[in-house]
Amino acid sequence: MNQALFIISLQHELAMSIGNKLDLKAMLKVFLKVSFNRLNLTSAHIYVYCDHGGMPSKLIPGEITNSQHFLSIPKNKRGHPWAQNATLDNFAQQLNTAQQNISFQCENGQYLFGFIIPEHGLLIFETHFLLDEEVQKALQPILQKLATSCYTSLVHDSLVKEMRSRQQIEEKVVYQAQHDGLTGLFNRQHINQLLSNAIVDAHSNKKIGSIIFIDINKFKPINDAMGHTVGDKILCTFANRLHSLSSEHINIGRFGGDEFVILLKDLNINYQEVISLLIEEINQLLTIPFVIDANSYKLTCSIGYALFPLQSSTVNNLIKFADIAMYEAKRAKSLQGKIYLPAMSEKIKRRSTYVNDMKQGLEQDDFQLYYQAQYNHYGEIIGAEALLRWQHPIHGMESPAVYIPIAEESELILSIGQWVLEQACRDIAKLQKLALPDSFKKIAINISAKQLAQPNFQDRVIYAILKNDIPADRLALELTENLLVENIEDSIKLIASLKEKSIDCAIDDFGTGYSSLTYLKRIPASVLKIDRSFVANIAQCSESAAIASMIISLGKTLNMNILAEGVETQEELNCLKDLGCYHYQGFYFSRPLPFEDFVKLLN
Amino acid sequence: MAFESFTWHTKSDALFDFKYGLNLAIDSGAKSLLIFTCQQNNYPEDELNTLLSSCPLTIFGGAYPMLTLKDTLIEQGALIIGFEEDLDVSVFSDLYNLADEEHLEALITSTLEQKNNFSGQDNFLMFYDASINNIENFIDCLFECLDHGINIGGGGSGNLEFTQYPCIFTNQGIHSKAVVLVALAKQLNTSTAHGWNILQGPFLVSEAQGQTVQSINYQPAFEVYSQAIEKSSEHQFNNQDNFYDIAKHYPLGIEDINKNLIIREPISTQNNQLLCGGNIPVNSMVYILGSKKDNLIASTEQAAISVFTGQENIYTNKSLIKNEAASSTTLIFGCVSRELYMEDVFTKELKVIAKHCPTPALFGALSLGEIANCKSGAIRLLNKSIVICSW
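Listed in order, the protein sequences are those of chains A and B.
Here the first sequence is numbered in numbering that gives the first Met the number 0, starting from 0 and rising by one per residue.
Here the second sequence is numbered in numbering that gives the first Met the number 0, starting from 0 and rising by one per residue.
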């Protein structure tokens, strides 16, 4: 009677321990622990059938499947995992082959009892005593229940895995949809969404927010000169630094290129103070140089911002306003950040009108080329620089200092540049028909960055030459030092290629730009033009004289001609002559003249 | 040959005297010290903490309800044993919640990894704070993580009220909710005994959670237990007032597959439930036990003979691995409730152990729960039992 009750209570206790957990290992561990304690076991083990990938699986009828060690209590025997125990492993193999309960007495007197978990694996108990037949029989229904629970766990595991992988994919998709691939910051779309939500919240919570645009200054030259890998590393480093500012109220994003945005939410009446502090922090982030591949880069940024709902409550407007303010800060070279002002839009509007005027001017032939003669030290004209002049229908003669930068901001500079090229070639053709002095060599035109970036720029030059049937060596191109450095490798190739076709290049405004001395040796230009800033008062200013002297000796070393711009006095001329510069351009010799007047001057 | 190099005790409850003994121990040439103090001493905690944490020798031990030295019971005072070896001590602290198995396993695994999983060390003494809830989870997990084939003996420290207070000693000071494992340099033999017999049963534990039995035979546990005792004796339960006075005579026994009884002592009752000194699984079969004091003493004598002669140790077969060197030290963990049950006769238990004990050092502690391997090798928490450890 007592034995029967014992068997029943044993069965109940073991049965109750099955299926308490869903994870297969955890479920089997609970069962093994209870078996271990209730059956006075020395050790207990589970082997499970596995699929080809080594994952536990239900036995597929007809397939030969090996069982693999899965779980043991205790984990080790004499410091070694049970999975490496030969006696246990042999017994498990025998049990798997027999596919029925077997037992074995070990050399140390211990017993091993093996049971089949139908379709799922093997259960092995080690005891110091013989397990009663009755107890062994009582285990049979338990094993069936264990098999069912194993199956449930396997199904659960596969569901969990599927859910997890689906969840991971979903999370990845969501992440990719919201984040910038390079920096991991929020992308443009998500920032727009966050801004849209923040505007709604600002209205309902009576709070103020700000969208802040940040653009790294002079990033493009670095990217072009050092390559995109370095550029990307700088962007990632800056993104990481910016990310350190993020909080519940601050979202950071990258809009593209070197443009970053910060969305600042939940501001109170002291918003200006908070924004100013944040801008200070952003600038602070840039005080530490960016060390990339052993090179150190010191960067600054231009910052512009707009407020919501104070200045607008639409995403597009706010983005536009912050962008406008950022460009205004860039133009003003301000590091303090600029708040958007409606006047900025007015200015842009005016610019837009101005650009339209320029377009019209081009169509109506309001543009003209003036020519400023270039001289040698014998006083002979050796060439001229073609300079653009615009007779504005209302403003009169416009200064190129005003309209060239505006044209450069739009694609209009390409049309203007093309007109200059063609007009200069037409004028050269006219000159060819005249009796030119022997000293006269060529007409130089200025080339803008956007022109140079045109993939067919060289073809356009050649075409203009051929079209007007002029000798190629009568045309020269002037490229500023900054322009060359922005895309140094392509510039070198282009200049070399033009030189092969007898078209010379001059480096304009030399000495004012980015340090290009490293590259100067590789640039096959023919002329170095000393910038007017070093020529002005050269006799009085020893620093200017020193720089001019350096440029002159540099040019000589590199076999380039040196031409000084902006020579206005006899004193400056004498000084330049003394320093070894023998080509000049400037008011001292001649002002820029309309073509007809220039022809007269030549004669 | 390893042997205890120093034994000192005091029956004074003054910390000053303990300090004197500790200084003697430090100067004795011993490399590590086992320190037992009586819970009744009420040493100022801060001062004791400072003394322990400034001790230059490795120390371990705890505060127990009572201590034993040879055949004498020490109700207040302290006992210091010095060892020639610098024994390796591992502390598992902050064991507030042992219900989360994963957390517990991670804690034990990380501590064991620091000790290189006790590679080559199979013999341990365990001192633990008896107020830790569910110490059985800890020992199950320890056994799982340690190894097949370790030998262990130990006992729970603390006070009879089972209230929490710092009671485990190490070089870091006094700990509460901590377990200390001491790896011995020699083969440890243990033998256990209880001497309790079946009076009534079996009963089916129909509802239980951990140490609390909610129902027996589908009836409220206290009701079944008290009625069974009242019917067969003159005892009458008077609610909670005299519960333990009666229950100490009638522990519960869980019968295992080999017909061995694992004793579980009912400590208190509340809401018709029984709170015991160890886990009782649902669906297990329990008996109400009883005994005579002479039987308890006789079983203790059997355990003593077994551990000292290496013969027929009914609980462990470790004595089959015969010590190359003779044992030099014997440590007893006797359940304090045996003393409460046997009262004046309890010293007879100590006498029968001393009678058979060949080792020069014989000492022990009355504990709140005892730890030993059972015959299968697993570590068990025992109640109302005696564990004799000899090495």
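What the hints contain is simulated information worked out from the structure, not anything from laboratory work.
All residues carry an ideal CB built from backbone N, CA and C; glycine is no exception.
Hints may contain errors.
[Said to hold, decoys possible] Residues on chain B that point at chain A, a partial pick, calculated with CB under 10 Å:
no. : residue
1   : Cys54
2   : Asp146
3   : Ile256
4   : Ser283
5   : Gly376
[What the hints assert, rightly or not] Cβ pair distances, simulated, as ranges:
no. : chain 1 : residue 1 : chain 2 : residue 2 : range
6   : B       : Gln171    : A       : Ala85     : 50 to 56 Å
7   : A       : Gln143    : B       : Lys69     : 54 to 60 Å
8   : B       : Leu56     : A       : Ser243    : 47 to 53 Å
9   : B       : Gln171    : A       : Ile101    : 37 to 43 Å
10  : A       : Lys136    : B       : Leu56     : 56 to 62 Å
11  : B       : Asn294    : A       : Ile101    : 18 to 24 Å
12  : A       : Thr151    : B       : Lys69     : 43 to 49 Å
13  : B       : Asp293    : A       : Tyr110    : 50 to 56 Å
14  : A       : Ser157    : B       : Pro55     : 57 to 63 Å
15  : B       : Leu56     : A       : Leu158    : 55 to 61 Å
16  : B       : Asp293    : A       : Ala3      : 55 to 61 Å
Could you tell me whether the CB distance from Leu56 (chain B) to Ser243 (chain A) stays inside 47 to 53 Å?
-> Taking Cβ atoms as reference, Leu56 (chain B) and Ser243 (chain A) lie about 51 Å apart, which means the hint holds.
How does the Cβ-Cβ distance of Gln171 (chain B) and Ala85 (chain A) compare with 50 to 56 Å: does it lie in that range?
-> At 43 Å between Cβs, range violated.
How does the Cβ-Cβ distance of Ser157 (chain A) and Pro55 (chain B) compare with 57 to 63 Å: does it lie in that range?
-> holds, 59 Å
Using the beta carbons of Gln171 (chain B) and Ile101 (chain A), state whether their distance is inside 37 to 43 Å or not.
-> violated, 51 Å
That 43 to 49 Å hint for Thr151 (chain A) and Lys69 (chain B) (C-beta), does it hold up?
-> Violated: the Cβ-Cβ distance is about 59 Å, outside 43 to 49 Å.
Taking 10 Å as the limit, does the beta-carbon of Ile256 (chain B) come near enough to a beta-carbon in chain A?
-> holds, 5 Å
56 to 62 Å as the expected CB spacing between Leu56 (chain B) and Lys136 (chain A), which holds or is violated = Check passed, 58 Å falls within 56 to 62 Å.
Does the Cβ distance between Leu56 (chain B) and Leu158 (chain A) fall inside 55 to 61 Å?
-> About 58 Å separates the Cβ atoms of Leu56 (chain B) and Leu158 (chain A), which means 55 to 61 Å holds.
Do the Cβ positions of Asp293 (chain B) and Ala3 (chain A) conform to the proposed distance bound of 55 to 61 Å?
-> violated, 34 Å
Is 54 to 60 Å right for how far apart the beta carbons of Gln143 (chain A) and Lys69 (chain B) are?
-> holds, 58 Å
Can the suggested window of 50 to 56 Å be confirmed for the beta-carbon pair Asp293 (chain B) and Tyr110 (chain A)?
-> violated, 37 Å
Let me know if the C-beta of Asp146 (chain B) comes in closer than 10 Å to any C-beta of chain A, holds or violated.
-> holds, 5 Å
The structure is inconsistent with the numbered hints 1, 6, 9, 11, 12, 13, 16, although it conforms to all the rest.
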